[in-house]
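Undergrad: Produce the entire structure from the sequences given, and follow the hints as far as they go.
Residue numbers (the UniProt record's numbering), protein chains in the order written: chain P, 1 to 397; chain Y, 1 to 397.
Treat the hints as calculated values from the structure; they're not laboratory data.
Misleading hints may appear alongside valid ones.
Once the Cα atoms are required to be at most 20 Å apart in a straight line, the calculated EDC-like pairs of lysine to aspartate or glutamate come out as [what the hints assert, rightly or not]:
1) Y:263 / P:256
2) P:263 / Y:70
3) Y:263 / P:320
4) P:182 / P:201
5) P:182 / P:154
6) P:20 / P:35
7) P:109 / P:154
8) Y:263 / P:259
9) Y:263 / Y:208
10) P:178 / Y:239
11) P:45 / P:381
12) Y:207 / P:259
13) P:207 / Y:259
14) P:263 / P:239
15) Y:321 / Y:341
16) P:137 / P:285
17) Y:178 / Y:201
18) Y:158 / Y:240
19) Y:263 / P:268
20) P:263 / Y:268
21) P:263 / Y:256
22) P:207 / Y:256
23) Y:338 / P:239
24) P:207 / P:239
25) Y:207 / P:256
26) P:263 / Y:259
27) P:78 / P:285
28) P:391 / P:381
29) P:141 / P:163
30) Y:263 / P:175
31) P:394 / P:43
32) P:338 / Y:239
33) P:137 / P:154
Predicted model only: the values in this text are computed from it and were never measured.
There are 2 protein chains.
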Amino acid sequence: MYLYSENIYTPNGFQKGYLKIEEGKIVDILPSISEEDTAIRYDDKVIIPGFIDIHIHGWATGSFTFQGTESAVNNMSKELVKSGVTSFLPTSGTDSLDRISFQLSEGKKALDNWNPKKGAEILGFHLEGPFINKEYKGMQKEQYCINPSKDIFDNFAKIAGLENIKLITLAPELEGSKEFIKYMKDNNVQVSVGHSAADFEDISDCKDCGIGGFTHLFSGMRGFHHRRPGVVGAALYYDDLYVEFAKQTGLTVRPEAFDIVFKLKGSEKIILTTDCSGLAHVDQEFYHYIRQCKFIPDGDNVKLLFDDGTEEIISKYDYEKVKNLELSYIGSVKNVIKNIDASISEIVKMTSENPAKYIGLYDRKGSIEPSKDADLLIIDDDFNLIDVFVKGEKQIL
Amino acid sequence: MYLYSENIYTPNGFQKGYLKIEEGKIVDILPSISEEDTAIRYDDKVIIPGFIDIHIHGWATGSFTFQGTESAVNNMSKELVKSGVTSFLPTSGTDSLDRISFQLSEGKKALDNWNPKKGAEILGFHLEGPFINKEYKGMQKEQYCINPSKDIFDNFAKIAGLENIKLITLAPELEGSKEFIKYMKDNNVQVSVGHSAADFEDISDCKDCGIGGFTHLFSGMRGFHHRRPGVVGAALYYDDLYVEFAKQTGLTVRPEAFDIVFKLKGSEKIILTTDCSGLAHVDQEFYHYIRQCKFIPDGDNVKLLFDDGTEEIISKYDYEKVKNLELSYIGSVKNVIKNIDASISEIVKMTSENPAKYIGLYDRKGSIEPSKDADLLIIDDDFNLIDVFVKGEKQIL
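TA: See the structure below:
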């Protein structure tokens, strides 16, 4: 199969030509093809590598945390491609060990049974907790915040497959963290600091044991003070650590704050995610303090009760409705472009290259290069999606 | 007069040669001089422009705010050169209008009677308040924090000479600030934001009316939050605004916080000052919460009563004793070099070039160039002072 475009974004800049795809892999970019071959022509449209969302609990018609079933994860796969996400890490929250185990066991089935016709690829899992600090729990459940435990991790790894646990978010100030972080490093699990009351010194102390970066910078962590730099200070200070920004709406982190970090860290060290949860699928009444709305489960529907007294009932499985409950990956990207005037090169780094590197998959994801997976987005000048390919399979948008 | 060095720092980099000085001005840097001329030889030592301290209330044996007399300012001049400061703005605090008027009137006498044999040049005055916000008063006096008033300013200007008021620190959220800032701009008075509860939006709103930067960044202002960026957020966000750091001890602002700002703003937009007050000359009991020590006036002495119960009595006019009560300008510079590995070029920008530009005196100060004042420091590799010249006059160190 060939895709033709004048603007194929590669690590060496834009190239014009025929992108050759075989068995789901990128083979080459050719200046011309023989007369008997045909190409899908995208002409002046731009081809970039697909977005990789390493922090996503649920999306639209499926939720890994709220439902936690194989079919929920399959629904996420199916819908995520519509917002440009071609691979992702279903992300568990801080919950009972039984619940997380169930999610991982179901997620594992989805992962094992996945194929490109199903949508975005399931790359493995991100454990957000349960080894986090209740002081900065945010929307996580306080009663399940616990100290790091190798045994508990080993059990999760047994269920999900160790090779499938790609990332864990933890609070490095908790007892036993340092040893645990080393254990993660030995097992090739990336470690992000999040939901943490750590001081700057705690981060410095654990940094070289295997900390790679920070989960949703600014949220769920000790803020910056000039005499107590805290987690945010460490994130800004250490050039080699990555920072994740979840859902760049401007609601959780002001565009100016994002801009300051962008100037400091550059596109090289920022990872964009959604941290979406699949709000339609809440399993109990759930108040979202930023949206100022209560989500109430109601059979196959969800009831939205806003602080202003208005209410709305939506079918959980009506994609056109539920997609509006949270900002999509591409919606967030468009905000970033608007707010900081980011180039395509910078966007590709923050949405594909960096997350692939962060979870150790840059050998097969994160850029348009020979031998890599043909996870591709075709976009217009306004970053609207024209087509999406997952391992060479054209997706239904 | 000629000074010879292999390392004369100019805006075009280091030059080797004979620095020719006539009538207090730099004339040229010559590769050689005639046989009948002699030069002071500094050989491998470095020549840089003198430090300009635009925020200093007092130093060692004199205090503009605590004593406020002509002789106090003269004492500051005399002692400041010993720490590399060749010109300065005596800085008033937030006090009664009578008291500030008295200080300005005495300061004006010192300024008018100044000559290079007296020490560091008095460039004019910095008014730190009284138009500041009591919510962020820091060590300023709450009862004298008032809203901006052109009449009050005009009266100060009448006493000090309008052309001598170079800088004012104010809180732009106070009623009437916007008009007042425009008035300052019309009168060529630089405006710094300080002791301010302003929100980011307040700064944005007034910025183009004539705000140039921020007084002692981080101290006396609303801190940074990712949803309420505040004064600190504006300082970090707006590339064109300067930030002043007072006394880089690491006590008031952690080296890591300074480093983050240095990465963001660069040496181009940072100004180093001391904000020293001449603590030996307190006019009433004064508790210094960072030093954890009470300063008690006692005739020609000052008594220091530390929180740990120890006490010490020092003569107010014993330079060797009182110089240790606060960190000197060159002491602060040495800390900066140690903490952020700053180059000579960067130090010169932050200590001389930027302050000169900030208060509109770069045509005669701030660099070693023909026609500028011969305000010079000769330093060794460890930034120890060998010699100091003010307008070509060699100072007694």
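Undergrad: For every hint, state whether the structure bears it out.
TA: Each hint tested on the structure:
Between residue 263 of chain Y and residue 256 of chain P, the direct Cα distance comes to roughly 17 Å. Compliance with the 20 Å bound is thereby established for this hinted pair. A distance of roughly 47 Å separates the Cα atoms of residue 263 of chain P and residue 70 of chain Y; the hinted pair therefore is violated under the 20 Å criterion. As the CA atoms of residue 263 of chain Y and residue 320 of chain P are separated by approximately 45 Å, the hinted pair breaks the 20 Å bound. Between residue 182 of chain P and residue 201 of chain P the CA atoms are separated by roughly 17 Å; this keeps the pair inside 20 Å, and the hint holds.
Restraint check for residue 182 of chain P and residue 154 of chain P: the C-alpha separation of about 14 Å stays at or below 20 Å, so the hint holds. Of the pairs offered as hints, the one joining residue 20 of chain P and residue 35 of chain P holds, with about 15 Å between alpha carbons and a cut-off of 20 Å not exceeded. Restraint check for residue 109 of chain P and residue 154 of chain P: the C-alpha separation of about 19 Å stays at or below 20 Å, so the hint holds. Taken as a hint, the residue 263 of chain Y and residue 259 of chain P pair is honoured in the structure, with Cα atoms around 14 Å apart against an allowance of 20 Å.
Our distance criterion of 20 Å between C-alpha atoms is broken by residue 263 of chain Y and residue 208 of chain Y, whose separation comes to about 24 Å. Distance restraint check for residue 178 of chain P and residue 239 of chain Y: the Cα-Cα separation of roughly 39 Å exceeds the 20 Å cut-off, and the hinted pair is therefore not satisfied. Among the hinted pairs, residue 45 of chain P with residue 381 of chain P is consistent with the structure: their alpha-carbon atoms are about 7 Å apart, no more than 20 Å. For the hint pairing residue 207 of chain Y with residue 259 of chain P, the CA-to-CA distance comes to about 18 Å; that is within 20 Å, so the pair holds.
Between the alpha carbons of residue 207 of chain P and residue 259 of chain Y the distance comes to roughly 18 Å, so the proposed pair stays at or under 20 Å and holds. For the given pair, residue 263 of chain P sits about 12 Å from residue 239 of chain P by alpha-carbon distance, which is consistent with the 20 Å threshold. Distance hint between residue 321 of chain Y and residue 341 of chain Y is unfulfilled; the C-alpha atoms sit about 30 Å from each other, more than 20 Å. Using a Cα cut-off of 20 Å, the hinted pair residue 137 of chain P and residue 285 of chain P holds, with the two alpha carbons roughly 18 Å apart.
For the hint pairing residue 178 of chain Y with residue 201 of chain Y, the CA-to-CA distance comes to about 13 Å; that is within 20 Å, so the pair holds. At most 20 Å may separate the alpha-carbon atoms for a hinted pair to count; residue 158 of chain Y and residue 240 of chain Y exceed this at roughly 31 Å. For the hint linking residue 263 of chain Y to residue 268 of chain P, the alpha-carbon distance of about 16 Å falls within 20 Å, and the restraint holds. At most 20 Å may separate the alpha-carbon atoms for a hinted pair to count; residue 263 of chain P and residue 268 of chain Y meet this at roughly 15 Å.
Between residue 263 of chain P and residue 256 of chain Y, the direct Cα distance comes to roughly 17 Å. Compliance with the 20 Å bound is thereby established for this hinted pair. Annotation: proposed proximity of residue 207 of chain P to residue 256 of chain Y holds, straight-line Cα distance about 16 Å (limit 20 Å). For the suggested pair residue 338 of chain Y and residue 239 of chain P, the alpha carbons sit about 19 Å apart, so the restraint of at most 20 Å is met. For the given pair, residue 207 of chain P sits about 12 Å from residue 239 of chain P by alpha-carbon distance, which is consistent with the 20 Å threshold.
With a CA separation close to 16 Å, the supplied pair residue 207 of chain Y and residue 256 of chain P stays within the 20 Å bound. The hinted pair formed by residue 263 of chain P and residue 259 of chain Y meets the criterion: a straight-line CA distance of about 14 Å does not exceed 20 Å. Proposed proximity of residue 78 of chain P and residue 285 of chain P is contradicted: the alpha carbons are some 26 Å apart, above 20 Å. At most 20 Å may separate the alpha-carbon atoms for a hinted pair to count; residue 391 of chain P and residue 381 of chain P exceed this at roughly 24 Å.
With a C-alpha separation of about 27 Å, the suggested pair residue 141 of chain P and residue 163 of chain P falls outside the 20 Å cut-off, and the hint is violated. Only pairs whose Cα atoms come within 20 Å are accepted, and residue 263 of chain Y paired with residue 175 of chain P is rejected, the gap being roughly 33 Å. In summary, the hint linking residue 394 of chain P to residue 43 of chain P is supported, as the alpha carbons are separated by about 17 Å, within the 20 Å threshold. Between residue 338 of chain P and residue 239 of chain Y, the direct Cα distance comes to roughly 19 Å. Compliance with the 20 Å bound is thereby established for this hinted pair.
With a C-alpha separation of about 23 Å, the suggested pairing of residue 137 of chain P with residue 154 of chain P is violated against the 20 Å cut-off.
Checked against the numbered hints listed earlier, the structure breaks hints 2, 3, 9, 10, 15, 18, 27, 28, 29, 30 and 33; every other hint is satisfied.
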